[in-house]
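Chemist: These are the residues of each chain, in order.
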Amino acid sequence: MDNGSVSNQIISKRSSVKPKRIDQAIVEIVSDSGEGAQKCGQSLGAISAQMGNGVWTVEIIPAEIQPPARSREGASGIRVRIGSKKVTNMGNHADLVVALNEQVIYGRLRQNAYHKGTIMLIDDRWGTHEVEAIRHQYATALKEFRALGIEVHEIPMEPECLKILPDTRKGKNMWVLGMLSYIFDRDLGKAEEQIRSIFKKKSKAVVDLNIQLLHAGYVWAVDNFPLHYTIPAMEVSAEQVVMNGNQALSLGVMAAGIELCSMYPITPATSVSHHLAENIQKVGGIVHQAEDEIAAIGFAIGASYAGKTPVTVTSGPGLALKTEFLGLAVMAEIPLVIIDVQRGGPSTGLPTKVEQSDLLAAIYGEAGDAPKIVLAASTIEECFHFVILARKLAEAFRTPVILLSDANLATGVQPFPRPKIDTDWIAPPNDQSPWQEGIKPFDWDPQTGLSKRPIPGQKEGMYTVTGLAHGPHGRVAYEPEINQNSAESRSRKIAAFQKTLKPPVIHGDPEGDLLLIGWGSTLGAIEEAVDKGRALGLKVSSLHLRFLFPIVPGLVEIFSRFKKVITVEINYSDTPGDPMITQENRRYAQLAWYLRAKTQCDIDCFSNVYGQPMNPGKVLEMIKKEIANHKSSHVTS
Amino acid sequence: MIGTSHELCTMPLPDHHRDMEDYGKGVARWCPGCGGHSILAAVQRVCKDMQYPPEKTVCVSGIGCSSRFPHYMGTYGFHGLHGRAFPVACGVKFRRPDLNVFVITGDGDCCSIGAGHWVHAIRYNMKMVALLFDNGIYGLTKKQTSPTSPLGTHSNTHPGGSVLPPINPLQTTLGFANVSFVAQTTDWNPAHLYATIRKAADHPGLAFVRIVQRCPVFMRDLYGDIASNPDELIYLSHEKGINVKPGVAKTFKNVLAHDPTNIHKAREYAEITDGIPIGLFYQNIENSRYDDYGAYNMGMSNKVKQNAMEDMLDQYTIRNSIT
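From first to last, the protein sequence lines stand for chains A and B.
Note that the working numbering has the first sequence beginning at 1, numbered continuously upward.
Note that the working numbering has the second sequence beginning at 638, numbered continuously upward.
In short, the hints are calculated from the structure, not lab data.
There is no bait here: all hints are sound.
Under 10 Å between C-beta atoms, here's a sample of chain B residues computed to sit facing chain A: (1) 690; (2) 691; (3) 693; (4) 710; (5) 720; (6) 725; (7) 733; (8) 756; (9) 931; (10) 933; (11) 945; (12) 947; (13) 952; (14) 953.
One side only, chain A facing chain B, incomplete, derived with CB under 10 Å: (15) 281; (16) 310; (17) 423; (18) 475.
In this text, a Cβ means the ideal position worked out from N, Cα and C, and glycines have one as well.
Please work from the sequences and hints to get the whole structure.
Modeler: What follows is the structure, given as structure tokens:
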């Protein structure tokens, strides 16, 4: 069958209906695990990005691989936000949701994913199911959804797919992709190309079958579905790439010339190493899967001691296990890049859900005084570029560097300008020239605390690394002042790095009623809320921190220009007014706690741990409330 | 070489001959009578005999009395964390096939806190010499029961005597997948100690050597009598084994013929408790080596890397994205 001519016929068929132009759409596909909702949504995102739209995707992942079918907790799926402008976050409520059963919708309703006016396209097979209880559940659910103001459309997905497939558990997702491609006026040729790309390792028969399903879904929608929209492409001046945060981290590792990733599997960081395992050999590198998290960093430290700076990739529980070795890397001044793709904690926590709870652990997690550099990427583009930066900093300052990402960035897909690969990003070869005699292995500069390290193979550079207190010669120290002096040197070099940082850029006016401060993946949601607030005439601005330790300069001065300063974070904080909570015992969100200590300013926080990306609507509500409160308290006082 | 020009000699000549002093540094701070001193001398002698360049030699240790070892070597050294010598050593070797690596670990370090890494280091089978200094006690923390302390050992953590049977490091190591070299020797027989480490240095893989070591301060009774009585040693003899000079061999009254290619017999002899068997229990030079895998694809040019990066980015690039 010639797919190309079929798609032309299909396209000509619908040309009589003119699509309604919209600026953006938030679309969800929700199903049981294993039905391919994510593949469908990722494809919709990729096709849209290929068409030049702004895109952001967020995966909805249950904690288990195959949880029981038709369960509320087992909801698996994806949200795709498509826009005519750059999209930086997941938005508020979905405009349209495709549901493969009604039970999984309850799981999403609990997370406030839909509201009055959300369009729901639900597989109607459950209404005629042989089990009465299921028919009843379905009917009840639809009644409840309609009562909430959701516009429910029952779609005969099952019989339509059965025309092509013997078993619809696999394949329905591509029929849905076809249906959505019509509804949102997606380029059918690009959709076919996408299917060929995702099934590139499969046989031609599989590819053809999926394209057949795509066409069938598309044709069904042309003939039967009343809604038809188009989302115009955005104007971009540079060539774009589209990928998720973990792919960006992996490409960043390779672009940095890092030749070793030493890791242990942990969600949601593992896919970085999957991507590396598939590709790093093309740039002369290798992935080592260690026997545990401790060995993963120990192996990396050994490799760094003997040569080039490696990377280790982990998440919260793994970072906890790595702390002793991190302390050693600080003490022995061994360059190392540690990527922490954060998830919910403490303990096993929420393995597949987002949280920003490792900030203080990253900065202060080790026993003893262990200053090191901590950075946080706030966009997928930064996931790429910050690895390159982290490697350079690790080597220049002879220190471990922790790069924080999170589950939201890890699976979120977004286009950004294609990086212009620069060979200066690549680590230089190991220095094997003779070590300059008389230079000690920790020859700390009294002004900067910096020193140069010998690498095995360098003649006359022989020294022994030790985690024990040591002086400039690297030998175990028995004199009391050596520990004080060496701690000063390790601290001073971090201060020397801080001197190179610039004050952060403020989003909005440089003064006003309210300043929001964020870090990490909340950037898009915060700035969207600030923009909306400003459009309403509210005097709100925001700033976003990339360098967490050491901290960027100028914060106290910036804070002094605002009446109130609040951090926006996805981690736990006590709510004033809750039982037992007083000003004295209230626990602040992590960045707020840290900034209060650093700046001695009265910084408040807005944070939660629902395991969801930050929602711009909720941030905007908070902005309105805070500014109103401040105004009213000002009037009364 | 007479009559041939210097250029025709394809063998690189060493810069200079290295002596024992080239491999030493400082004064070892172990207790008088500690087995560590003789092991240090044996390793330095092996390095000299192998003419290892000191700058191409790395001693990696964990924490404990034995793990101070790298500080007394004139080579590169890495005195790391308790139990973690193996991961660091494997990391050192992975992308540096040119380095000679020694792992120095103790019974607490290897068989207790670092036991997980022990299993996997044996399985990685990277070319290095691992020396287990086994004195059956925690020394640096002052006399606590170690995993190899004999049942009933009186220590500060078990004043009434230890209650569990000890781990037998030979038996254990011989049970790990991909094990390729297991030998045992003692600190008080310098000739056999040297011959064992020398054999280990030649092994193409991870050579695991358990050194039965005396602790004169905390475990004076454990090997006190044995050390003064050569009859307590059982000499494993075979042409493929560890061979000392005939004069030394003659001093062993108990001799057991053992073919080190026979892992079943090796496991059987590892269980001998009536006397201390010394020699090569097992060797297999054919096992897969993880350092061969690690050294893959090294030294690629920046141009090749850059092209590969561009190809990868192409896969993520939106076609016709410039409007």
